[in-house]
Amino acid sequence: MTSLPDCETLVVALSGSTLFVTLNRPETKNALSDQMVRELTALCALLEGTRDIRAVVLRGSEGCFCAGGDISIFKESLSTPPPTDGGRDPLAIKNKRFGNFLIRLQAIPQVLIAVVEGVAFGGGLGLVSVTDVALCHADARFALSETGLGITPAQIAPFVVQRVGLTATRHLALTGHRFDGRHAEKIGLVHTVASDREALEKALSQTLKEIGRCAPGANAETKRILMNTMTMALDNVLDDAADAFVVQLRGAEGQEGVAAFLEKRPAAWTEQDP
Amino acid sequence: MTSLPDCETLVVALSGSTLFVTLNRPETKNALSDQMVRELTALCALLEGTRDIRAVVLRGSEGCFCAGGDISIFKESLSTPPPTDGGRDPLAIKNKRFGNFLIRLQAIPQVLIAVVEGVAFGGGLGLVSVTDVALCHADARFALSETGLGITPAQIAPFVVQRVGLTATRHLALTGHRFDGRHAEKIGLVHTVASDREALEKALSQTLKEIGRCAPGANAETKRILMNTMTMALDNVLDDAADAFVVQLRGAEGQEGVAAFLEKRPAAWTEQDP
Amino acid sequence: MTSLPDCETLVVALSGSTLFVTLNRPETKNALSDQMVRELTALCALLEGTRDIRAVVLRGSEGCFCAGGDISIFKESLSTPPPTDGGRDPLAIKNKRFGNFLIRLQAIPQVLIAVVEGVAFGGGLGLVSVTDVALCHADARFALSETGLGITPAQIAPFVVQRVGLTATRHLALTGHRFDGRHAEKIGLVHTVASDREALEKALSQTLKEIGRCAPGANAETKRILMNTMTMALDNVLDDAADAFVVQLRGAEGQEGVAAFLEKRPAAWTEQDP
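Chains X, F and A are the protein sequences, given in the same order.
According to the numbering used here, the first sequence is numbered sequentially starting from 11.
According to the numbering used here, the second sequence is numbered sequentially starting from 11.
According to the numbering used here, the third sequence is numbered sequentially starting from 11.
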């Protein structure tokens, strides 16, 4: 059984093969602190090493997803003087660390699901952008609010481009436009919008049920192939995928899946909604 | 006149400058067999060599587009032992062949139209993903169902990413989510959804009429330029396109098109709905 | 204060920090002439050199955005003989110049807004495709009409792919399909569609108000980062962005923005709708 790490800023709970992760700094609307990013990164390390966990559900405490970066931390960080020896500014190193974290979170072998209520601003919108499935409440509010604060969504906007394309991102990033869950679904930021909390929980439950029918190893390989399309030429993606296809087909999951299909029964890995 | 090949798994008919191709293995819901892919590949060779055919309409027999790969063939193929000499697994070579086929089908100089009724699962969804125009019935059902069978949509998912983007594909490929024609249109998989069969035929007729007003050579060059954007840097795309523009403008189609416009008459190439 | 150039084909007016640019060849539905492209290019040079202007609003005179290239100019240009010395055809050089112009217009440090009424055909659709925010009237009409004229949207289609993706562009470019403002919004060509002129002006006013709350330098840096995602690998985009983030945070805008936020007051750069 997977042993879960102790966290200060997250509440982490395993139910069946689903890990529920709750951002838990409600006094700041779950703003991203250094500690929170460190704890999420430690979770990534754990998830990369296990196949027992098949889905990860990310939400925020007290009905609020994540208000983004913590402005008081930005203020504090200004007290760090720029380097005088020509080295790289420690604030740039720290900023890039968040981009590296999003790259790593995006690539975990599990299906990553965001359930968004309340706000998802700045870095919170970044988190949504790297998930495999995003569900939201129609009343949720989203914004790339950085330039209104005189700064730039440096480590976030590139992931928003990957998520919703350049066209929608230009509008959001250069106007700070606030939008709701329905608009989020229209531009493709989230996959499903629910009109109330009950519908939202039902959509989550339905998604977990669907994932419970998918072979975990096949899902992990498929996610790897999908991410390859971001960086590799099509022909190379397809060559790699052909080799992965055969390993999967000849392996235990492929043999079980084909047999279950022909015998018209659920495959052995099938899991109901936890 | 173009001479059409004899096919076992396809029904092929020419009407005016439009080639109607029907996947015709109704007993398997038009699942893709090796023979069918071979026959479709032979059609690609024919289409690459002619400009008399301007549009290709792809549908499935008996109101069903295509159920995807044939699971019983997957089962059979498992009897092929893996190579013992360190060579590439013949199952990987065969898998990659499907990706190569989709690349080739995607690039034919004609306008490729899919008309989707019934189901488009797995490889069937792959076929839809490489068309220039896709029309579907609102009740059509789509899914990337592979990971539910323990395998991976290796040669299909990359084309779905190209079609609807990474965000929508992650959701579809990692949950096996079944969706209908309206959702297909919402995520951009198809261009038009029709509420009944009559409206579907009307949409096809309208599309063929529009294509009948476009100069065939200009369309072939434009399609080539569009596909270039997938693999070439923008500046190179534009340089190549500038040369293509001039060949087209100075050529017979350009001279006729400009003259017809100024004389307010249909251009010589104009064709009505076949 | 910025001194505005004299223009024959454009009406140019500054209000607050917003530059209003009107294409003004109403007798041709504001078709793009060589002179108009030269004058727009001169405006780009001016805009690249100033930060006093924060937004540029592009529209067409007499309620008509832009009918595209001028066909009578295409006809005239055919009288230029092809080069006999093996050099590049001057018509190709001229064609590519339009693509270079769109690349340059796309990259101006200001927020570029299109307000589309009437028609946006061919090159007019190209102009819309490179804006940061596009608003349109529901009755506006759009088309990539080139192949109906026997030519190819060589310098336009690649920007439409960047704007709405390959899937939607294939349909538009290979059928010449005419569509209205609602369809333009559905495929993501424009961000907002308004049902009447009053709503359109209100949407513009709202957009300018949002931009007025964004720090101009932060917006310019953010736009630069967004455009980088089109040509650079993600890791390089993020590294560059981290350095830009720190310059912005340590600079005047970052210090003012963080202070204003914590003091719950508008930042010094805030501008109301001009």
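By construction, these hints were calculated from the structure, which means they are not laboratory data.
Since the model is a prediction, treat every value here as computed from it, not as a measurement.
Hints may contain errors.
Claimed, not checked - With a straight-line cut-off of 20 Å between C-alpha atoms, the simulated DMTMM-like cross-links for lysine to aspartate or glutamate are:
1) F/39 - F/18
2) X/196 - A/195
3) A/104 - F/49
4) X/104 - A/253
Structure-based check of each hint:
no. : hint          : verdict
1   : F/39 - F/18   : holds, 15 Å
2   : X/196 - A/195 : holds, 10 Å
3   : A/104 - F/49  : violated, 44 Å
4   : X/104 - A/253 : holds, 10 Å
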